[in-house]
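Enquirer: Chain residues, written in single-letter form:
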Amino acid sequence: MDAIINITINGLATGMLIFLLAAGLTLIFGLMDVLNFAHGALFLWGAYAGIWVFTQTDSYLLGVFAAVIIGILLGYLLERYIILPVYGNHIRQIMITLGAMLVLGELVKVVWGPNVMIANTPAILSGSWEFSGILIIKYRLFVIFVGLLVFLGLLFLLNRTKLGLVVRAGVMDKEMVQALGINIRKVFLGVFILGAAMAGLAGILLGPYTGVVYAEMGLEFGLLAFIVVIIGGMGSVVGSAVAALLVGILGSFASYYLPDISLAVNMLLMLIVLIFKPSGLMGTKEAVK
Amino acid sequence: MNKSTIALIVLVIGLILLPFIQDSRSILILMTQIFILGVFAMSYNLLLGYTGIISFGHAMFFGIGAYSIGLIMRYYEPTYLYFLFAVVTTLILTAIVSYLVGLLTLRLHSHFFAMFTFAIAGLFLVAAEKWRSLTLGNDGITFKIPDFFKDRVIFYLLSLGLLVLAYLFFRRFTQSPFGKVLQAIRENEKRVESLGYRVFHYKIIANVISGMIAGLAGIFYAVSLRFVNTSVFSTEITLDALMMTIIGGVGTLFGPILGSAIVQFAQYSLMDLAKVHWIFERWVILFGIIYIVVVMFFPSGIVGTVKTWFTRRNKQILGKKKPEGKKSMESSKADAMKNILKGEVDG
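One line per chain: the protein sequences are A and B, in this order. Everything in the first sequence is counted per UniProt numbering, starting at 1 for the first residue and increasing by one. Everything in the second sequence is counted per UniProt numbering, starting at 1 for the first residue and increasing by one.
For reference, chain A alone in the conformation it holds in the complex (with noise of 0.2 Å):
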């Protein structure tokens, strides 16, 4: 029971953690027809600024700042440069967003050099709670936390809001909306850049999570994220929020109970769902040519 609960928190935790990546992917996609392959750049990069920041000036806070601007900076340079000049040509998008994230990644390594970095676990948010017996590690839970917060603040702007109106309208038909009169590449970038935040926030509650990030982690996160964004379904972010909670608690009942197949268990979920729902579990875009 100690254990089933514990891992169920952990698989729990670390799908927040990929769901937070995958809601960026799916509306950027949904939305503009883009294949990011560089948002685990972003992810990479809000992990690294984020626990600098919080190793330098022990605030917490200041780190998560930190992260989602560095998010916000890259995401908007990374729309400007590099994916405006390939708008609607996929191939293109998958190479030069795959570049994107070569170089990005190389960098922080400039920056910070090839070693991985020791991410501490902020003092307040440190230790455990023991119920019945049951001990329950405080940051996964705050993990959870934050981002059940974040799903349920998109749920609300995609539904409640003027701006969530115009980005459901754009997913379902680009052209009818610029036709009314919206600009539609500016609220792609708010999106993208909206994305990119959530991203940066990803990678500095990652930190604390593992106590270690490395520069691998960028490419390694941003496929598993586009792993769950196929899933889920391409342009659903209740989809990738479900595909993205089934895949980490999915990942840490595999790495428990059948350690050797775990690496494996994302690969052939997601290989299932394309022999028999290629459109993913909630996708409305045809996936058929």
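Bear in mind the hints are in silico, worked out from the structure with no lab data behind them. Glycine is no exception: its CB is placed at the ideal position from the N, C-alpha and C atoms. Among the clues, some could well be false.
Restraint ranges, calculated between C-beta atoms of paired labels, are given here [to be verified]: (1) B:ASN138 with A:LEU152: 41 to 49 Å; (2) A:GLN56 with B:VAL153: 55 to 63 Å; (3) A:ILE69 with B:ILE29: 44 to 52 Å; (4) B:PHE265 with A:TYR76: 35 to 43 Å; (5) A:GLN178 with B:ARG191: 20 to 28 Å; (6) B:LEU84 with A:TYR76: 56 to 64 Å.
Below 30 Å or equal to it, Euclidean Cα-Cα: the simulated DSS-like pairs (lysine-lysine) are [what the hints assert, rightly or not]: (7) B:LYS130 with B:LYS144; (8) A:LYS277 with B:LYS190; (9) A:LYS174 with B:LYS190.
Following the hints, put chain B in place on chain A, whose structure we already have.
Expert: Just chain B now, with coordinates in the frame of chain A:
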């Protein structure tokens, strides 16, 4: 026989004579690697450059080849017969895998194919890592090879032979009616479909051929190292092929070879420079930037861009003197290459 054919023949003769002119072992090994990965990049280019599909899992075919030869040489005997057996095994396995992968995904949009192949290659990597009793995991396996292949010069010539054969094969293949259909699919898939071609079949066959040749490159790679470990299945191998193809020239025959030479020669020389200043250790940045610049400004890569320059210059020099002929054919070909990446690929 036109000028470029003569130039290529001279180049090949030069490369054949190279090991007899200079005797630096490391240069010889470097050249061998360039040839082998050049073949691998060419097979990747058949998908990316000539058919317009992007794969993230091309390493799986490379890895199948490398592991086939490694395991057979280790667990059976390093004889010519078993060597041949390994080659046949590789060809059959890569054909089956690429056929199945194609069957499942080539109907989908390009990014699904990319992610699907990525996942399959990931499964191969995990399998190679976890099946320790057979593969020894990440530690890898060393193996013996028939004596004939041990000689560096002979192996260099064999790799060169493979490269030349692959080049000739792809040249013939891309100029065949079949190859023309593939290029038409790249340009406008829907139109080809409406002309009555079964696009899906063409794509699958392209995928199978590409996979089999990648498998052959994998065999040579493993033989050159006499060692194989799980890194042959890694995403980096696929990304290397992608980078070589893009930098050299997507959709050109010679581009991937040039790309392979540039990337590996730069790696080789920058490794020495790393002792001078640590920034050279981060050479990936340099490549990443070149790569982005190429994708953005020279979508047809080095070979494609140079070709366009040449045809443009020839046009200017010749002006109206020469009637419409071979040159204008070439220039329209170069324009088409430029459009490979610019145009709407995904309908």
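Enquirer: Of the hints stated earlier, which fail here?
Expert: The structure conflicts with no hint, since it agrees with every one listed earlier.
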